[in-house]
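*Asks:* One letter stands for each residue in the lines below.
4 protein chains.
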Amino acid sequence: MVPTRKDSPYVPLTPEEIAEDTYRAYKLGVSSVHVHARDEAGNPTYKKEVYGEIFSAIRRKCPDIIICASTSGRSDRSLEHRAEVLELRPDMASLMMGTVNFIKNPSPNSQEDIVALAKRMEEHGVKPELEAFEPGFVNVAKYLASKGHLRPPLHFNLLLGSLGSMPAEARDLVFLAGSVPPGSTWAATGIGRFQLQVNVASMLMGGHVRVGLEDSLYYSYPEKSLATNEQLVERVARIARELGREIATPAEARAILGLDH
Amino acid sequence: MVPTRKDSPYVPLTPEEIAEDTYRAYKLGVSSVHVHARDEAGNPTYKKEVYGEIFSAIRRKCPDIIICASTSGRSDRSLEHRAEVLELRPDMASLMMGTVNFIKNPSPNSQEDIVALAKRMEEHGVKPELEAFEPGFVNVAKYLASKGHLRPPLHFNLLLGSLGSMPAEARDLVFLAGSVPPGSTWAATGIGRFQLQVNVASMLMGGHVRVGLEDSLYYSYPEKSLATNEQLVERVARIARELGREIATPAEARAILGLDH
Amino acid sequence: MVPTRKDSPYVPLTPEEIAEDTYRAYKLGVSSVHVHARDEAGNPTYKKEVYGEIFSAIRRKCPDIIICASTSGRSDRSLEHRAEVLELRPDMASLMMGTVNFIKNPSPNSQEDIVALAKRMEEHGVKPELEAFEPGFVNVAKYLASKGHLRPPLHFNLLLGSLGSMPAEARDLVFLAGSVPPGSTWAATGIGRFQLQVNVASMLMGGHVRVGLEDSLYYSYPEKSLATNEQLVERVARIARELGREIATPAEARAILGLDH
Amino acid sequence: MVPTRKDSPYVPLTPEEIAEDTYRAYKLGVSSVHVHARDEAGNPTYKKEVYGEIFSAIRRKCPDIIICASTSGRSDRSLEHRAEVLELRPDMASLMMGTVNFIKNPSPNSQEDIVALAKRMEEHGVKPELEAFEPGFVNVAKYLASKGHLRPPLHFNLLLGSLGSMPAEARDLVFLAGSVPPGSTWAATGIGRFQLQVNVASMLMGGHVRVGLEDSLYYSYPEKSLATNEQLVERVARIARELGREIATPAEARAILGLDH
Ligand SMILES: [Zn+2]
Ligand SMILES: [Zn+2]
Ligand SMILES: [Zn+2]
Ligand SMILES: [Zn+2]
Chain V
1 MVPTRKDSPY
11 VPLTPEEIAE
21 DTYRAYKLGV
31 SSVHVHARDE
41 AGNPTYKKEV
51 YGEIFSAIRR
61 KCPDIIICAS
71 TSGRSDRSLE
81 HRAEVLELRP
91 DMASLMMGTV
101 NFIKNPSPNS
111 QEDIVALAKR
121 MEEHGVKPEL
131 EAFEPGFVNV
141 AKYLASKGHL
151 RPPLHFNLLL
161 GSLGSMPAEA
171 RDLVFLAGSV
181 PPGSTWAATG
191 IGRFQLQVNV
201 ASMLMGGHVR
211 VGLEDSLYYS
221 YPEKSLATNE
231 QLVERVARIA
241 RELGREIATP
251 AEARAILGLD
261 H
Chain Y
1 MVPTRKDSPY
11 VPLTPEEIAE
21 DTYRAYKLGV
31 SSVHVHARDE
41 AGNPTYKKEV
51 YGEIFSAIRR
61 KCPDIIICAS
71 TSGRSDRSLE
81 HRAEVLELRP
91 DMASLMMGTV
101 NFIKNPSPNS
111 QEDIVALAKR
121 MEEHGVKPEL
131 EAFEPGFVNV
141 AKYLASKGHL
151 RPPLHFNLLL
161 GSLGSMPAEA
171 RDLVFLAGSV
181 PPGSTWAATG
191 IGRFQLQVNV
201 ASMLMGGHVR
211 VGLEDSLYYS
221 YPEKSLATNE
231 QLVERVARIA
241 RELGREIATP
251 AEARAILGLD
261 H
Chain C
1 MVPTRKDSPY
11 VPLTPEEIAE
21 DTYRAYKLGV
31 SSVHVHARDE
41 AGNPTYKKEV
51 YGEIFSAIRR
61 KCPDIIICAS
71 TSGRSDRSLE
81 HRAEVLELRP
91 DMASLMMGTV
101 NFIKNPSPNS
111 QEDIVALAKR
121 MEEHGVKPEL
131 EAFEPGFVNV
141 AKYLASKGHL
151 RPPLHFNLLL
161 GSLGSMPAEA
171 RDLVFLAGSV
181 PPGSTWAATG
191 IGRFQLQVNV
201 ASMLMGGHVR
211 VGLEDSLYYS
221 YPEKSLATNE
231 QLVERVARIA
241 RELGREIATP
251 AEARAILGLD
261 H
Chain X
1 MVPTRKDSPY
11 VPLTPEEIAE
21 DTYRAYKLGV
31 SSVHVHARDE
41 AGNPTYKKEV
51 YGEIFSAIRR
61 KCPDIIICAS
71 TSGRSDRSLE
81 HRAEVLELRP
91 DMASLMMGTV
101 NFIKNPSPNS
111 QEDIVALAKR
121 MEEHGVKPEL
131 EAFEPGFVNV
141 AKYLASKGHL
151 RPPLHFNLLL
161 GSLGSMPAEA
171 RDLVFLAGSV
181 PPGSTWAATG
191 IGRFQLQVNV
201 ASMLMGGHVR
211 VGLEDSLYYS
221 YPEKSLATNE
231 QLVERVARIA
241 RELGREIATP
251 AEARAILGLD
261 H
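Protein sequence lines, in the order shown, are assigned to chains V, Y, C and X.
Numbering (the numbering used here) for the first sequence: 1 to 261.
Numbering (the numbering used here) for the second sequence: 1 to 261.
Numbering (the numbering used here) for the third sequence: 1 to 261.
Numbering (the numbering used here) for the fourth sequence: 1 to 261.
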């Protein structure tokens with residue numbers, strides 16, 4: 001879900017709001033930011049002009065943070081539109097490895113589109129973040145790597161707990177992370193009420209963490225208390241410290257992910 | 001894949017061919033047949049007239065076999081067309097629990113369509129065979145059961161080894177079958193070269209077996225030797241006997257599945 | 001390991017020290033205490049007189065806490081000695097479900113001894129805490145329950161990360177906890193450096209937590225900083241609150257475990 | 001269990017009987033034989049004179065078969081006695097990686113004894129077959145390899161289904177085989193009624209097979225029909241052919257196991 005102001009007053013929408021939220025997270029140790037752009041009405045947009053403003057605003061405040069652009073194309077499934085942001089050469093971009101029912105409707109990604117997007121990323125020097133909602137998504141990544149469409153080491157983002165896809169129990173993450181090819185890196189998140197438990201399980205397993213309002217609007221689901229990105233990051237950082245998991249700096253994260261610039 | 005004459009000369013297409021192939025399998029102990037109809041050109045069709053002819057031809061030769069109609073609608077995604085065969089009240093009908101990339105293209109099933117098909121099945125007294133290609137598909141089934149859209153005990157058909165979905169190793173089947181809710185029944189099949197290994201793993205785990213040309217055209221993949229349905233059934237029956245797994249009669253299978261008629 | 005003063009100055013040894021440490025944990029929310037007795041030289045002892053003093057001292061300060069006595073007999077493998085503490089009718093007592101190499105030497109438990117101890121516990125109205133270091137230990141528990149030697153609902157304590165037995169990764173706990181029969185309750189702990197990660201994984205999975213100096217002398221293994229029981233309990237309680245896992249009162253814990261007195 | 005004539009008339013006991021049984025299996029494709037010696041009364045013995053006679057008799061009939069001697073010392077736990085057979089330099093020898101309850105009584109193996117036996121094997125150029133009944137046994141092997149006491153590539157024999165240790169379901173084998181370090185080889189067997197299902201699951205998973213009367217006296221447990229080694233081998237070879245798993249020649253098996261002589 002790409003949330004809007006109607007969903008929560010704490011969702012950053014404009015380039016300045018996004019940069020400000022990113023900066024708060026950056027000060028708490030966040031090394032990478034995943035970005036969706038919105039148009040002036042607050043709706044998702046693919047336009048590189050908007051992405052460009054966001055990236056500039058972020059880089060002014062967080063010069064070394066890793067920027068990962070969305071290519072999920074929720075608003076528009078055209079390949080050209082989804083790929084437009086790649087011309088800005090963000091560090092990374094999301095790349096869906098299959099088709100899944102988001103909430104109620106399919107988010108179709110034909111294999112042809114996946115390969116085409118991967119090719120554009122390669123051309124622009126953008127490392128794909130492989131989005132995996134099911135074991136089959138990881139399977140597709142392995143296949144595409146075997147065909148040369150993806151270049152190892154691969155980086156996966158495992159998303160669990162959406163109604164139409166893989167659940168978010170520890171057994172699910174153990175299985176899905178255990179499917180990732182050796183030498184890969186991975187982060188994990190839970191959708192909605194499952195965000196925190198998947199984040200923590202990921203830290204226990206040596207995985208990385210994706211956290212924020214895209215996946216979960218609430219700080220506490222039982223209490224339905226709306227969260228800020230900052231609060232969500234702070235909580236997971238507190239638990240990381242309890243667990244003895246050090247937080248990577250952006251430079252360390254770039255080394256872990258094999259990003260050269 | 002719904003194979004055609006171009007794929008293999010051994011694919012039964014006409015009602016008489018389908019009934020004849022069914023009868024051969026029935027004599028080998030098969031208790032249930034999964035049916036796709038073809039039009040006069042040999043292409044998939046949803047029309048109940050054709051299904052009706054097939055069912056009549058099958059029942060003449062195999063009066064007590066369980067008939068499970070496809071509603072996958074490969075040729076036509078209209079809900080009305082996919083549901084048409086239900087008016088014939090087959091014992092069971094397939095019901096996809098999600099969206100997956102078949103070979104290369106998505107086979108979209110919105111949750112709304114899934115619920116609508118489930119409702120039609122309930123109205124016509126047709127037990128759904130829940131098709132699961134990923135853990136998320138089983139998750140959807142649990143959710144729909146919790147909402148009253150599916151009535152336990154559930155029966156699952158687990159399909160592994162298709163390129164865009166869950167692989168077909170023992171760990172995959174152990175995980176997927178371990179996700180099925182207690183009290184359910186399940187069968188498993190592997191797509192293409194994985195059919196036999198998934199069938200055998202299923203038998204070892206107390207699951208049932210789906211076998212035949214829809215999933216695998218070859219008897220031996222290394223040798224690319226085309227199979228008949230009869231050969232595929234015979235092989236799996238030989239192994240079942242070696243393993244001490246008795247083959248259920250149609251009456252026993254009806255009891256196992258909770259079919260009353 | 002049953003630690004001594006040589007291992008850490010923070011190990012409580014005398015009845016008063018044990019009761020004082022228990023009281024500190026009790027105030028932090030601990031609902032159950034697992035007790036090993038020491039003689040006047042600080043070495044493990046089986047004698048019921050010493051256990052009696054400890055239990056009385058604990059009950060004075062924590063009247064409703066669940067007391068679980070050790071019967072592991074580290075000092076003495078005689079069945080009579082191991083069973084002596086049961087005459088005091090603690091709420092629960094530990095019962096090893098098999099043989100394992102502790103550090104370097106076997107801790108043998110023949111099936112005959114296991115059954116004899118279980119019988120004594122039943123006679124004295126003491127609920128066994130089934131100690132499981134490997135999947136086979138859970139298997140033995142199921143077998144003994146099927147023979148009537150153990151009475152459901154069973155309660156397991158899963159111990160992971162000892163060198164000679166099951167490791168302590170998330171996959172290990174998922175597997176072991178997944179082996180426990182339906183309707184059982186379970187807690188989990190990691191040995192040594194694995195205590196915290198197993199505790200947290202257990203909380204994520206709906207299990208309970210065993211924590212303290214018997215399993216881990218250090219607060220931080222990388223820093224080799226010696227812990228107190230209080231510090232270890234405080235940390236796991238902080239994380240429980242972050243995860244939204246409420247801490248059971250002794251009365252709630254008695255209900256969860258099916259303890260009637 | 002090391003069966004005797006009282007258990008089954010088909011158990012080979014004398015050197016000539018063992019060699020004859022080995023030869024029958026060898027003709028069916030068996031590439032390796034696991035040997036226990038018996039004294040003149042038919043009871044287990046550790047004596048190298050008896051092992052020497054057996055090995056000579058086997059080598060006369062099956063010159064290239066891989067010989068794996070038992071060092072389990074069921075009759076006698078003295079390290080010197082258990083190691084005596086190594087002086088004959090068989091190709092391989094069994095090496096228990098821990099302590100487990102056989103049937104009802106512990107079979108203790110201290111870590112010191114394990115290391116001492118491993119050292120003797122290394123000195124005599126005998127490759128250890130690492131016997132694993134639980135995940136902890138595999139864990140010990142990894143630890144000993146990390147300390148230089150075992151030299152990779154490791155070969156494991158996974159034994160499932162004994163009452164006091166790991167069960168024999170597909171999930172158990174998937175888990176245990178999934179614990180084996182990369183680059184290792186492994187075979188699997190089930191104890192008693194579980195032999196065949198573990199053998200077949202192993203073949204599905206790319207593992208090797210151990211089969212024979214030591215683990216299972218019956219051909220069919222429901223019918224309590226006593227088996228010969230030959231029958232057990234024939235059955236598993238038939239299934240291997242159905243599954244398209246080719247049977248390795250002794251030379252191929254030596255290459256797979258990294259045996260140089
Ligand atoms: Zn996104
Ligand atoms: Zn079909
Ligand atoms: Zn203890
Ligand atoms: Zn043996």
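Hints listed in this document are in silico derivations from the structure and should not be mistaken for laboratory results.
Be a bit skeptical, because a hint or two may be false.
Identical copies go unnamed one by one, so any copy, or any two together, can satisfy a pair.
Claimed, not checked - The list that follows gives simulated cross-link-like pairs (lysine-lysine, DSSO-like), each with its CA atoms no further than 30 Å apart:
#1 K6 x K147
#2 K27 x K48
#3 K6 x K119
#4 K142 x K224
*Asks:* The structure should be examined with respect to each hint, and the outcome stated for every one.
*Replies:* Do the hints match the structure? See the list:
Proximity of K6 to K147 under the C-alpha cut-off of 30 Å is restricted to the inter-copy arrangement: shortest distance 28 Å between copies versus 43 Å within a copy. When the C-alpha separation of K27 and K48 is checked against a cutoff of 30 Å, the pair qualifies only within one copy, where the shortest distance is 27 Å, while the shortest distance between copies is 57 Å. With identical chains, the CA atoms of K6 and K119 are never at most 30 Å apart, being 36 Å at best within one copy and 34 Å at best between copies. In this assembly of identical chains, the alpha carbons of K142 and K224 lie at most 30 Å apart only when taken from different copies (25 Å versus 39 Å within one copy).
Checked against the numbered hints above, the structure violates only hint 3.
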